[in-house]
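Novice: For chain A, the structure is supplied; the task is to place chain B on it using the hints.
Those protein sequence lines, which keep their order, are chains A and B. Per the numbering used here, the first sequence starts with residue 1, numbered consecutively. Per the numbering used here, the second sequence starts with residue 1, numbered consecutively.
Calculated directly from the structure, the hints in this document are not laboratory data. Backbone N, C-alpha and C fix where the C-beta goes; we use that ideal spot for every residue, glycine too. Do not rely on the hints blindly, as some may be mistaken.
[Stated by the list, open to error] Under 7 Å between C-beta atoms, here's a sample of chain A residues computed to sit facing chain B:
#1 34
#2 67
#3 174
[As the list claims (entries may be wrong)] Below, computed lysine-lysine pairings styled on DSSO-like, alpha-carbon distance capped at 27 Å:
#4 185(A) with 52(B)
#5 31(A) with 88(B)
#6 25(A) with 88(B)
#7 17(A) with 88(B)
#8 52(B) with 183(A)
#9 198(B) with 183(A)
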Amino acid sequence: MREGGTPRGELLIMFEKTDQQLITKALQGNKQAWLNLLKRYEKQIYNYGMRMTGKNEDALDLMQEVFISVFRNLSTYRNEGSFKSWMFRIAHFRCIEFYRRKKPMQGLDDTPEIESEESSVADSIHTGQENKQLISAMQQLPLAQKSVVELKFFGQFTFDEIAEQTGISANTAKSRLYGALEKLKILMEVDYA
Amino acid sequence: MPKHESQLDGATMDKFELSNEQLFGLWVEQQLNKQQQNVFEQRCLDDKTFAKQVEMFNMFSMQSEHYQSDEVPSWDRASTFNMPEKIKWWQWQGLPTLSFATSMLAIVMVLTGLQVRTDDGAMTISFAGKYREQQSEQEIDKLVDVKLAEFQKTQQLALTNTTQTMQQQQMDASTQLTQYLLGASRKERREDFAELIKYVNEQRGDDQLFYVRQLNKLQQDIYAKPDLTSPGNINE
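Just chain A, with the same shape it has in the complex (with noise of 0.2 Å):
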């Protein structure tokens, strides 16, 4: 995933500002500070926004809301943890807020129902084939076994920080990563079938 480290690659490091000195930056009003620490974590927001509710669009919209609230919690960052990891704890309760708001009649836990306009998440977002299907086999999961896989597989967070970042004990995330691989399987077996 990451780009192998070229001289020029290794110099840019170098001279690249810590995510500390853009936030300090960003605080004391520097505009450019603040647009570099969101291009640096945008794509990655915008994917978890893509694999989170399955549209393009939405997946904007979240990564919009997401910002927004960063920003105006900024100042609040403590340099406790890594600041992906605290910008991937607003963004999980930005995405419940924004699951609430776009489906408030369903639980956390509740498998969605497939609508008939839903009916093909794969048909509907723009991305890889690949990608397509892995996204579709994931918005057949409930929101709360979802934020668990996502942050395992694609956030590489551990069983502890997932925990933190969604307000659960670990061994809950554990037994929701493990429920949501027997859907998974159930689904990837009818996709691959």
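Specialist: For chain B alone, kept in the frame of chain A given last:
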């Protein structure tokens, strides 16, 4: 901390039967100890459902690794920057007020004739030209002091010069007087000697004349009265 916790969990759980979820969780986090690893492998062989879960995890993990992150479409990034931009100093709202205040101050300063001046490290603020009077007095005092000093200096110089000239004159006069006195006394003495010599010479002349007359008389007497040539008449 999490690892430690998990290891503790693992240690305590070894005593009991590890559930599929717990074992799976430890495997996912790569926190299985040797004993747990054996249990895990055995479970994979014995429990097909568990093995399928592990397989599913691996497959999904592989798929997620091959997931091609989509590029972010262009969007209004700046809209997330909610902080009011730093106001430029010339856009500062207090600027008109400050401008008005400074204008008023300037007017007051002009009307009151405010003068601020720093002299010799001292700052003087004065109103209505009072400073000017004070300043002129100070300047006059200063000028007088300077002039007096100059005058004193000139006077001292002149006095010194006069004294020196007088001394010189006195010395010259004394010298002249001495020379005159010396010269005069020499001349007088010369004249006195000359007169003395003249007198002596005159006396000698007179004496010689007397003696000539006496001799002539004697001669005449001799010649006129030969009888008188006897010794007895000589004394006459």
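Novice: Does each hint hold? Answer for all of them.
Specialist: Hint-by-hint comparison with the structure:
1. 34: 5 Å, holds
2. 67: 4 Å, holds
3. 174: 3 Å, holds
4. 185(A) with 52(B): With a Cα-Cα distance of about 8 Å, the restraint between residue 185(A) and residue 52(B) holds, given a limit of 27 Å.
5. 31(A) with 88(B): 14 Å, holds
6. 25(A) with 88(B): Measuring from Cα to Cα gives roughly 17 Å; hence the hint holds.
7. 17(A) with 88(B): 26 Å, holds
8. 52(B) with 183(A): Roughly 12 Å between the alpha carbons, so the hint for residue 52(B) and residue 183(A) holds.
9. 198(B) with 183(A): 179 Å, violated
The structure fails hint 9 only (numbered hints given earlier).
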